[in-house]
Amino acid sequence: MKVPYHWLKEYVSFDSGPEELAEKFTMAGLEVESVEHVWDSIITARINHLEPVKGSSHLNATKIFTGNGRELSVVCGAPNIKEGDIVPLALPGAQFFNDAGETLTIQVTKKMGALSEGMLCSPRELGLSSDHEGIYILPADTPLGVSLADAVIHLDIKAHRGDLFSIVGIARETAALFGSQLRQPEIKLSEKGKTSIKKMAALTVDAEDICPRFTARVIRNIKMGKSPLWLAQRLALAGMRSINIIVDITNYVMLELGQPLHAFDYDKVANHHLIVRRAEPGETLCTLDGAMRELTPDMVLVCDEAGPLSVAGVMGGASSEISSETTQILLEAASWNPVNIRKTSTKLGLRSEASSRYEKGVDPELALQGLNRAAQLMAELADGEIVPGYLESYSQPAPNITIPFHASACEWLLGYSVTPEEAAAALRSLEFAVEQNSDDGSMLVTVPSWRGDVLESADLVEEIARELGYDRITGKYPTGDAPEPQTTSWFDIQYQFRRRLQQCGCAEIVTYPLTNQRSTLQLLTDESDIAQLLVGAIDELAPAENDKKAGGKAKQKKQSAKHISEMDEQTIPPLDPGALPAVRLVNAVSAKMDMLRITLMNAMLETISANLRYGNTSLRLFEIGRRYIALPNSAQRLPDERRTLCVGLTGYIENWAEPRREYDFFDMKAIIENIAEGLHVANLRFTQTQSPIFHPGRCALLEIEDGGAKETRYQTIGVMGEVHPIIAERFGVTQRTYLCEIDLTRLYLHNTSPRFQSISRFPALTRDIAVVADISVPAQAIADVIRSSGGDLTRSVTLFDIYTGDQIPNGKRSLAFTVEYQSQERNLSDSDGDFLREQATHELKKQLNAVVRE
Amino acid sequence: MLDLLRILKDRAVKALHSVETSAELAQWQNTYLGRQDGELTKILRGLKDVPATERKTIGQRANEIKNELEEQAELRKKTIEERELISALIAERIDVTLPARTLNSGYMHPISQTIYEICGIFQKLGFHIIEGPEVETDYYNFQALNIPQDHPARDMQDTFWVEPGQILLRTQTSPNQIRIMEQTKPPVRAVVPGKVYRNEATDATHEAMFHQIEGLAVDSSTTMRDLRGALEAFARELFGPHTKTRFRPSYFPFTEPSAEVDVTCNVCGGKGCRVCKFSGWVEIGGSGMVHPQVLRNVQYDPAIYRGYAFGVGVERIAMMRYGINEIRLFSQNDLRFLRQF
Ligand SMILES: [Zn+2]
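Chains U and Z, in that order, are what the protein sequence lines are.
For what it's worth, the working numbering labels the leading residue of the first sequence as 1, then goes sequentially.
For what it's worth, the working numbering labels the leading residue of the second sequence as 1, then goes sequentially.
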C-alpha cells in the first residue's frame, strides 16, 4: 500500500515529516517498507520567452520564471509550448527513470550552443500517464515556484486489516496516533433530472450469500477526457496510471475510501438490467485485459440479460468497457465474500487492485459511500448528471459486534495496569463506541463495521496497547510457575552425539531432507534391494534373511558391470513410485525435491561429491537428521521420522611428519566404536555382509546384543562399508569413500551406565599367542575364543600382527595376539600362564580348527 | 716429602680447572690419582724410604690430599656433565613453527551451534526442550492455531502438501504449541527447535527449508512483560549485554496481542548500517500472548490460564551473529565454510 504524504494530510492534521510519520507507523504496527521521495527539485514555472535555437529544426530556447530570482534558460524540444504557459520544471539535480529503468540526473548543459539549466517535463516523465506527446501544461491559475516534491510511504498491510487499504483508513490510524481528528471527504451529491433510476435500470441479485450488498447509480452526459493534474498526480503516487477521467475516478475513490467500483457503459448493458448470479457451466467472458476466461459455477458474475459483464470483484469485461464514446455510466459499488473472491482470482490467475481488496474484506457499509463519492466526482470533474436515486440489494446488514470489556483485561495480558478511562479513550480514538459503567469499571465496546478483525476482549487489549505504545510493556525477569525439570531429552542426547563426532574430527553437515527418487535409487542396482536403504531402521523390510540373495546378486553385477564407462542412467533402477516407502509432495517446487529422504546416504555422497569439486579432497563428515518412512499399511497417517546418523569419510591423512595414508574401513570403524563407547554400549559387533551400496568385500552390519532376550539375539542398528565404486561414480565420486548409517533411536536403546570394576592388586601376566586359521575365520571370532577360554582371568586380547605368506599354508593366515591375564585374588604363576595358553590352544582347535604356533 | 705433596696438589688442582670434558677428566684422574701410574701413587710408593716417624704424618696428609682431589674432581664432573647435557639438548633443537601433527578437529554446523546456544539459554530459564514431527496434519499446523480453512494467513505461508488439505510439511514450529498443551497441564514452559518448510522461491535470504525455534510459556500469571523479559535475557546472552530489545505491534492468528521483536543491530551497534537497513534494528522473530481461541482449542480456560509464545528464525540469527550474508551457504556444506565455526 502506497501512501502519498500530502494526500494523507488532506484527511488528518499532524506535524511530522514523512520519516517521523513512518517511525510512528512502525511502532503502531503498520509495517513500513520504505519512504520514497519523489519529484524533488521539480517546481511550477512560467515560460516568459521562447525562440528557436539557431541551427536546430525543433529545439526552442526558453526563458523560465519560477516566481522569484532570475529567469532560467532551458532548451526544450516539445512542440506544444508557448509563452505564458505554466509548466513543471525539473531543476539540476532532479532525477528521472528512463524507459530502460536507468536513473537520469538533470544537469546544466549546452544544447547546440544554447545554455540549458533544467528540463520541462511531460506527463510521462512525471509518471502521470503514458502521454509523451508534449510538455505538461498546467492550469493558468497555478501558482509559480510551488514544489511538486512529495513522499510516498510504502506500507505492508497484513491481510486481517482490510480497512487499511485506503488513504482514509490510514488517516484514521494516523489521527488516533496523533490524538487528532479524521476528516472524511465531504460528499455533496446533487442529483439532476426527474427520471428516477428505477425507470432507467434494474438490479437482480441471485447470489446474496456471496454478495451481501450491491449498489448502483446512473450518471448521464458525462464528458470523457483526461484527468486534472492533481488527480493524475495522486494516482501516480499511489502506483496507478491515469487512463481517462471515469476510470481514474473509480480508482481514486478505491484508493481514497477502500471501496472498489466498476463503471459500465450504460448503453452496452442489455436492457440496463444488472443480474448478479453464479456462472453457468461453460460460460466464458473476455476480460478487460483481453483474455478469454473460462468460468465455473463457483464464480459469481455481474451479468446483463444477454450474458456476463464482469467477474464479480475481480475484473470487468471488454464488452461493457468505458470508451471515449461513452456518455452514460452505470456505476457499481458492491461488497463480496472474501473467500469466494480469493478462490476465483486464484483459479483465474487474475489479481487486480479490486480483488486484492475484496479478498481482505471490504466493509459493506462502505458501498454506498463509495458510490456517492464517485458519482460526486463524476459530476464535478466530468460534467456528469447524477440520475436521482440508486439501486440497492442489501439483504442482511450485519449488526455491529459488541464486546463486554473490563480494563483489568489489559493487566491480565500486558502485565501493567490501565485505567478504565485510558482504555476507553484509546478505543474511542479508533472510533470504537464505548459505554462505560462507572460503578465497576466495566464497559460495553461496539466495534466499528470496518474492524472485522476485532472479535473479543484480547483484541481490544491489543488496540489499547498499540495506542498506549508497546514501549510500556517493559521486560521483567520471568517468574511464574515453572514445570518440573525435564529429564534427559532427545535434544540433549543428540548434542552428545554431535560432540562425540566432532571429537572424532568430523564436520557436521545439514542437508535438505527434500530429495528425489532418482537420487535415492542411485544407491541401488536393483529395485528389489530397497530394503538395503532402510537397514537398521525397519525390521520388516530389513535384509537379514535376504543376505544371501543380495550377495548373489552383487556377484552377478560384479560381472555385468566391469566397465564403469558403460554406466549410464539405464542401469539405475527404473522408477516405480510405489516402491519406495517415501513421503511425496503433491506440489513440489522442483522435481529435484519432490520427496522426503528415506536415507541420508545419497545426500552425504552428493555433499562429498560437491566438496571434491570445491577442492576439499579429504573429508570426515557427519549428519544427524531424520529419515521419513511412510508406513502404507499403518493406521498412523504420519510417517515414521527416524533419528539417523550418517558418517562419510574419504581422502587421506596427510602430514609432514608421517607418510601419507589413505583413509580406510578401519578409520570409519574407529569413529563408530568411539560413539558406542561414549554410550557404554556393550557387545556392539560388526558382521560381514553384502549390500549393493557397498564394496562386496568391505561391508558390515552393525549389531548390538539384545539384553532382554533369553537366548542371545542381535538387533541391527545400521550398516557401514566402502562405497561400491560403481555407486560412488554415479555421484561423481572417484576416490575410495566410506559410509555409515545408524539408527540413533536403536543405538541409544542400548546405552548403559558404566559399572566400576575393582582394580587388581596383583600383577598381570602376558602371553603372546599366534593363531593360524582359515582366512574365512573372522579375527573377532578368534579373539572371542581366546577371551572366553581364559574365563574371568582374561583382561584383554589385543591383535598385534597379521601375516600371510611363507610358512603359512595357502588359504590361511596367522594372527598374533597379546593376551593379558590377571586375577583379583592372587599372583599368577608361569605355570598358570602355560595352562591358560593351553586352554586357548585347545578351544581354538576345537571351535575354529585353528592352530596355535609354537 | 710434604712439599712434594703440596706441589703436586697445587698442580693437580690447577690442571683440574682446565679440564673441560668427561674424557679430559678421565685423563686427569689417570694422571694424578691412577692406581698404577698416578702421580700421587708414585709419591706414595716413595713412602717406604721415609723415616717411620714421619711416615704416619705424610701418609695422613697424602690421604687428605687424595680425598680433596677426588672431591674436587667429583664437583668438576657434575659441572661437565651438566654442560654436556645442555649441549646435547641444544643439538636436539626443533623448529617449533613446523605444523602440528594431524589431530582431526571436527566442527559442529553453525545452525546446530546456534540452536544449542539459544535452547541452552531457555533451558536455564526452566524451559523444556521438545521436538515434534516435521510432517504434520492440517489441524496442528493451521486449524488449532486459529488459522481455519480459507484464512488469508495461509497465503502468507506457502505450503508443501503431502495430501492436499490434510497432511503437509510443517510451515512453522508452532504446531508444537498445540501438541505440548494437549499433552500436559499448565504450567508449561517449552522451546521447540526444528526444521520448517515453505514452498517459496529461494534467494540470498530465503530457503525452502530452514530452522525455527518456538517458545511457549503458559501458567496462571505470565504476562507480556514476562515475554519481553525472557526475550531480553535471550538477546543479551546471545548478542551481548548491551543489546536492546524492541516490541512492535504485529499480527499472528495464534497470538493476541502480538509483537514483532527487534534487537539493536550488532553490526553497527544501533547506529544504522546496511544489515539493519539503516534503522539500527534487526527483526529476530514474532511473539505474543497465546490467543484465547488457541487456549480454548486445547481445553485451557483463558480465564484461568495465560501465557506467551514466540518464534525465532535460526538462520537469520546465525547470519547476524557470524556476519554471513548468504543463507544458501548453510545447506551447501562446503568444508571451507564449515571449518570456520
Ligand atoms: Zn546496523
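What the hints contain is simulated information worked out from the structure, not anything from laboratory work.
Accuracy of the hints is not assured; some may be wrong.
Straight-line alpha carbon distances no greater than 27 Å define the calculated BS3-like cross-link-like pairs of lysine-lysine that follow [said to hold, decoys possible]:
#1 U:Lys24 x Z:Lys277
#2 Z:Lys244 x Z:Lys124
#3 U:Lys199 x U:Lys2
#4 U:Lys223 x U:Lys188
#5 Z:Lys271 x U:Lys24
#6 Z:Lys77 x Z:Lys66
#7 U:Lys188 x U:Lys199
#8 U:Lys846 x U:Lys710
#9 U:Lys347 x U:Lys476
#10 U:Lys476 x Z:Lys66
#11 U:Lys9 x U:Lys188
#12 U:Lys592 x Z:Lys271
#13 Z:Lys185 x U:Lys2
#14 U:Lys158 x Z:Lys277
#15 U:Lys24 x Z:Lys185
#16 Z:Lys124 x U:Lys476
#17 U:Lys158 x U:Lys188
#18 U:Lys268 x U:Lys199
#19 Z:Lys77 x U:Lys476
#20 Z:Lys77 x U:Lys158
#21 U:Lys812 x U:Lys846
These are the hints, each one checked on the structure:
1. For the given pair, lysine 24 of chain U sits about 17 Å from lysine 277 of chain Z by alpha-carbon distance, which is consistent with the 27 Å threshold.
2. The suggested pairing of lysine 244 of chain Z with lysine 124 of chain Z holds, with an alpha-carbon distance near 20 Å, which does not exceed 27 Å.
3. Note on lysine 199 of chain U and lysine 2 of chain U: the hinted pairing is violated, with a Cα-Cα distance of about 41 Å set against a maximum of 27 Å.
4. At roughly 20 Å between alpha-carbon atoms, lysine 223 of chain U and lysine 188 of chain U fall within 27 Å of each other, so this suggested pair holds.
5. With a CA separation close to 19 Å, the supplied pair lysine 271 of chain Z and lysine 24 of chain U stays within the 27 Å bound.
6. For the given pair, lysine 77 of chain Z sits about 16 Å from lysine 66 of chain Z by alpha-carbon distance, which is consistent with the 27 Å threshold.
7. Distance hint between lysine 188 of chain U and lysine 199 of chain U is fulfilled; the C-alpha atoms sit about 24 Å from each other, no more than 27 Å.
8. A threshold of 27 Å between alpha carbons decides the hint, and for lysine 846 of chain U with lysine 710 of chain U the separation of about 26 Å falls inside it, so the pair holds.
9. Straight-line distance between C-alpha atoms of lysine 347 of chain U and lysine 476 of chain U comes to about 49 Å, which puts the hinted pair past the 27 Å bound.
10. This hinted pair does not check out: lysine 476 of chain U and lysine 66 of chain Z have alpha carbons roughly 89 Å apart, beyond 27 Å.
11. For the hint pairing lysine 9 of chain U with lysine 188 of chain U, the CA-to-CA distance comes to about 21 Å; that is within 27 Å, so the pair holds.
12. Note on lysine 592 of chain U and lysine 271 of chain Z: the hinted pairing is violated, with a Cα-Cα distance of about 43 Å set against a maximum of 27 Å.
13. Distance check on the hinted pair: lysine 185 of chain Z and lysine 2 of chain U sit about 47 Å apart at the alpha-carbon level, beyond 27 Å; violated.
14. With a C-alpha separation of about 21 Å, the suggested pairing of lysine 158 of chain U with lysine 277 of chain Z holds against the 27 Å cut-off.
15. About 40 Å separates the Cα atoms of lysine 24 of chain U and lysine 185 of chain Z, which puts this hinted pair outside 27 Å; it is violated.
16. Under the criterion of a C-alpha separation no larger than 27 Å, the hint pairing lysine 124 of chain Z with lysine 476 of chain U is consistent with the structure, at around 16 Å.
17. Note on lysine 158 of chain U and lysine 188 of chain U: the hinted pairing is violated, with a Cα-Cα distance of about 33 Å set against a maximum of 27 Å.
18. A distance of roughly 17 Å separates the Cα atoms of lysine 268 of chain U and lysine 199 of chain U; the hinted pair therefore holds under the 27 Å criterion.
19. The hinted pair formed by lysine 77 of chain Z and lysine 476 of chain U fails the criterion: a straight-line CA distance of about 76 Å is larger than 27 Å.
20. For the proposed pair lysine 77 of chain Z and lysine 158 of chain U, the alpha carbon gap of about 93 Å is over 27 Å, so the pair is violated.
21. Between the alpha carbons of lysine 812 of chain U and lysine 846 of chain U the distance comes to roughly 17 Å, so the proposed pair stays at or under 27 Å and holds.
Consistency with the previously given hints fails for numbers 3, 9, 10, 12, 13, 15, 17, 19 and 20, ordered from lowest to highest.
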